[in-house]
Amino acid sequence: MIVDRVDFPLLAMQPDLHYLDSAATSQKPRAVLDAMMDYYTHDNANPHRGAYALSARATDCYHRARERIARFVGVHDIDRLIFTRGTTESLNLVAAAWGRTNIGAGDEIVVTGLEHHANFVPWQQIANEKGARLVICRLTDDGRVDVDHFRSLVGTRTKVVAFSHVSNALGTINPVEELSAIARRVGAVVVIDGAQAAPHLPLRLDDLDVDFYAFSGHKMLGPMGSGVLVGKRELLEAMPPYQTGGDMIEFVGDERSSWNVLPHKFEAGTPNVGDAVGLAAACEYLDRVGMDAVRRHEETITALASERLRAVGDVRIYGPPPAERSGVVSFTVGDIHPHDLATILDEDGVCIRAGHHCAQPLMRRLNVPATARASFYVYSDESDVDALVAGVERARAVFAG
Amino acid sequence: MTTEALYQELILEHNRKPRNFREMENADRKIEGRNPLCGDALTLWVKMDGDSIADVSFKGQGCAISKASASLMTTAVKGKTRDEAEHLFERFHDLVLGTLPESEQASLGSLRALGGVSRFPLRVKCASLAWHALRAALEQGEGEVSTEREGPEPPPLEGA
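Sequence order for the protein chains is W and V.
For the first sequence, this note's numbering gives the first residue as 50, with consecutive numbering after it.
For the second sequence, this note's numbering gives the first residue as 161, with consecutive numbering after it.
For reference, chain W alone in the conformation it holds in the complex (with noise of 0.2 Å):
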C-alpha cells in the first residue's frame, strides 16, 4: 500500500477485512470525512442565495471545491466544470440535452462493446427516439477496442462516439487520443467516461481533445452522490439545459425564462456542496500521494494478482496485461460461478465483485454470464493478495467434489 490503513477509518477499524471492490467504490479517508463534517459544523447555508455572511461562505466553500477537482483533473476554466450526482447522471446529461438537440434520424453513434450500461443505454435510448443507429465497436479476444474497427465505423454519419477511458469490467485502458483523434477527422463530438480512470489515472484534461468527459467522486475516495462533467464550453453554452429550476435561471418571465451563465445553467436546485467539498478534499489527498506514484502501485500489485492467480489452477484471466489495465483482476476459476466464489471469499473478509459488472454487452462478447472482479486501490497490499488466492483455493476444494 501507498498510504497508511489508519487514514481509512472503516479499514482501520476493520483489520481483518479485504476490500478489494474499489472499481465499485472506494473507502474514503478521514481527511475527507472531516472535510465534510467541518463545512456541516461550520459554512453550512444555502450558497448564491442568502445576503449573509454565513451564505457567503458556502458560496465560497462551493467555489473552491470546484476550483479543487479543476486543479486536480488539469481544467484551466473552472466554468466548464459541471457538479452532477455521478457519472452516470453526467452521460445522461449530455446525451439528453447535447444529444436531443444534436442528434437526428439517420445520424450514428458509435460505441464499444466494452461500455458501461450508464454510457451505452442513454445512447441506445436516444438512438431509438429519434430514429438514430447505435453502432457497437468490436473487441479484441483480450478485450481491447478493435482501432481498426473503429476507424471503419466512424465515417460522415457519425455525430458522437461514446467511449470509456478505463473499462470497469476488464480494466482496459483506452487510447483515447487515437480514438479521438479518428473521430475528429469526421468532426464527431467525443464522450468519454472517465468513471474508472480519474481515481487511478494522471489526468490532464486541458490537453485531452475531447468534448464531454465525466467522472464520479465516490470511486476516488470521495462521498456518493458526487460527480462531474467536463464540458468543451462552446458546446455547453450552446446546449440546452439538462434540468430547470433554481439557481440555473437568468430570468424568468411568465412565457419564457433565460438561463443563467456557466456552470450554473447545468446545476438546477440547491447544489450539493457539502459532498463537492468532500471531493475536493479527496482530490487534495490524492494529489499528496501523486496520480504516477497510484498508477505504478496498481501495475504492480495487478500483475502480482494476475501472476499469482494464474498459478492457482483452472483461472482464466480476461482482459489485456496489466501494463494497459488500471487496477482491476477479471477473471473466473473453471465452471464455478462467480457468485458462489464471492461467497466463499466472503467468509474470509475478501470482498470481489461477481456479476456482469453493469455491462452485459461486454459479458455476451466474452461469451461468459459474469465475472469475478478483484479491484485495487491506494489502500490494497500483498496480504489482499494472499488472502484472495487463499479464497480461490478454498473455493477450488468445496467444488472439487
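There may be inaccurate statements among the hints.
Derived contacts from chain V toward chain W, CB cut-off under 8 Å, selection only [what the hints assert, rightly or not]:
#1 T163
#2 N180
#3 F181
#4 G199
#5 G222
#6 C223
#7 A224
#8 F280
#9 C286
A short list of chain W residues far from chain V (calculated; beta carbon distances all over 10 Å) [unchecked claim]:
#10 P64
#11 R193
#12 D197
#13 E227
#14 D303
#15 T319
#16 H386
#17 A436
Coverage of chain W stretches by chain V, computed from C-beta distances (three or more under 8 Å per stretch; other residues unrestricted) [said to hold, decoys possible]:
#18 390 to 396
#19 399 to 410
Keep in mind that the hints were calculated from the coordinates and are not lab data.
Everything numeric in this text was worked out from a predicted model, so none of it was measured.
Ideal Cβ positions, reconstructed from N, Cα and C, are used throughout, including at glycine.
Position chain V relative to chain W; hints supplied.
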C-alpha cells in the same frame, strides 16, 4: 456461519448433475426466469395433466444455489397438483427466509438442504428463482412471460 452449511453435499451434487436439465418439446407452459440484479437466467418447461404437473424441466445459467434449487424443485413438484405445488413454494420460501418453524421442516424432504440460504440474505433470490418461474407457469397459463414483471418476454441474451 460457514459456507459449508450453504454448500452442502446435496447442493453441490445437484449443481454438478442437475435433474430434469433438458428442454421439453411437448410442454404446454414455458417461462423465462430472470434475476436482473445478477444476470442469472433459466427457462422452465411444464407439462400439465389436468390439474397436476405431469412433467417439469429447466435449462439455464446461474450459480450453484440457483441451479441446485431448480433441480431439487423439479424433483419435488412432479406429480403435485397446482395447489400442492403452491403450498410447497410457500413453505420453501419461509425456509430460505429463515421463518419456517423447525417442526415443519421435515415435510420439505430434500429441499431442506437449502435451509442454509437463510443465513445469506443476498442469496435468497438465487434459491427462489426457479420457484418464481414455476408459480408464473402455473398462474399465467400458456405463453412466455418474465417472472420479474408482467408483459412480453425480455429480449434474448444473444449479442447484437
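Against the structure, the hints come out as follows:
1. T163: holds (5 Å)
2. N180: Because about 19 Å separates N180/V from the closest Cβ in chain W, which is outside the 8 Å limit, the hint is violated.
3. F181: violated (14 Å)
4. G199: The hint holds - G199/V has a Cβ within 8 Å of chain W, the shortest such distance being about 4 Å.
5. G222: Given a least distance of 7 Å, the restraint on G222/V holds.
6. C223: Given a least distance of 4 Å, the restraint on C223/V holds.
7. A224: holds (5 Å)
8. F280: holds (6 Å)
9. C286: holds (7 Å)
10. P64: holds (21 Å)
11. R193: At roughly 18 Å from the nearest Cβ of chain V, R193/W sits farther out than 10 Å, so the non-interface label holds.
12. D197: With a cut-off of 10 Å, D197/W remains clear of chain V, as the shortest Cβ separation is near 20 Å.
13. E227: holds (25 Å)
14. D303: holds (42 Å)
15. T319: Check passes; 32 Å lies beyond 10 Å.
16. H386: violated (4 Å)
17. A436: A436/W clear of chain V: closest Cβ-Cβ about 15 Å, beyond 10 Å.
18. 390 to 396: holds (count 3)
19. 399 to 410: holds (count 5)
When the structure is compared with the earlier hints, violations turn up for hints 2, 3 and 16 and for no others.
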